[in-house]
Amino acid sequence: GINYSVFLSLLAACQNCNDTERLYHVRLEFDNDTHMSLCGGSLIHRQWILTAAHCWKSEPGWTTTAKLGVHPRTATQEKQIIQHNPVIYVNKWHYQHDIMLLKLQRPVRNIRPVRLPRCTNPQVCWTRTYEGHRTPSLRTGGGHSCVCG
1 GINYSVFLSL LAACQNCNDT ERLYHVRLEF DNDTHMSLCG GSLIHRQWIL TAAHCWKSEP
61 GWTTTAKLGV HPRTATQEKQ IIQHNPVIYV NKWHYQHDIM LLKLQRPVRN IRPVRLPRCT
121 NPQVCWTRTY EGHRTPSLRT GGGHSCVCG
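Numbering of the sequence shown is given in full-length UniProt numbering, commencing with residue 1 and proceeding in unit increments.
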């Protein structure tokens, strides 16, 4: 693991990214006309964003907007309203992991998704979505879930 002093030294050494780095970052805005909350995500496929499940607002009246191209700040931004239900991963005991996939209405063409590790020995298994439906997902031989293009 990493201890607190190492964490602080890494944090103190932070610097701005170059304009060509981390173009896959996504800003997620959750709004209900009286409140707004923000979360970050990563474009992992031309039509999928990986983010934290605790960000999702399931109550009626909330709108989720994905802002793509937010880094570098001088880049042209693209906005898309999330209209699909999220895919939130739970294990066989129905314990919710803090992992969520959001599907974009249309594929992003001008931003390259983040490069994910390659799946080794993938197996199709079933997980449950936020609504309790079964959905296929890929699982590596080591038991860790992964998403492959």
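Please note that the accuracy of each hint is not assured.
Stated by the list, open to error - Cross-link-like lysine-lysine pairs, in silico, BS3-like; alpha carbons within 30 Å at most:
| # | residue 1 | residue 2 |
| --- | --- | --- |
| 1 | 67 | 79 |
| 2 | 103 | 79 |
| 3 | 67 | 103 |
| 4 | 67 | 57 |
| 5 | 57 | 103 |
| 6 | 79 | 57 |
Said to hold, decoys possible - Computed spacing ranges between beta-carbons, pair by pair:
| # | residue 1 | residue 2 | range |
| --- | --- | --- | --- |
| 7 | 105 | 52 | 18 to 28 Å |
| 8 | 77 | 54 | 36 to 46 Å |
| 9 | 67 | 18 | 33 to 43 Å |
| 10 | 118 | 61 | 18 to 28 Å |
| 11 | 83 | 16 | 26 to 36 Å |
Derived from the structure by calculation, the hints contain no laboratory data.
We put the beta carbon where it would ideally sit given N, CA and C, even for glycine.
Original post:
Against the structure shown, which of the earlier numbered hints fail to hold, in ascending order?
Top reply: 8, 9 and 10
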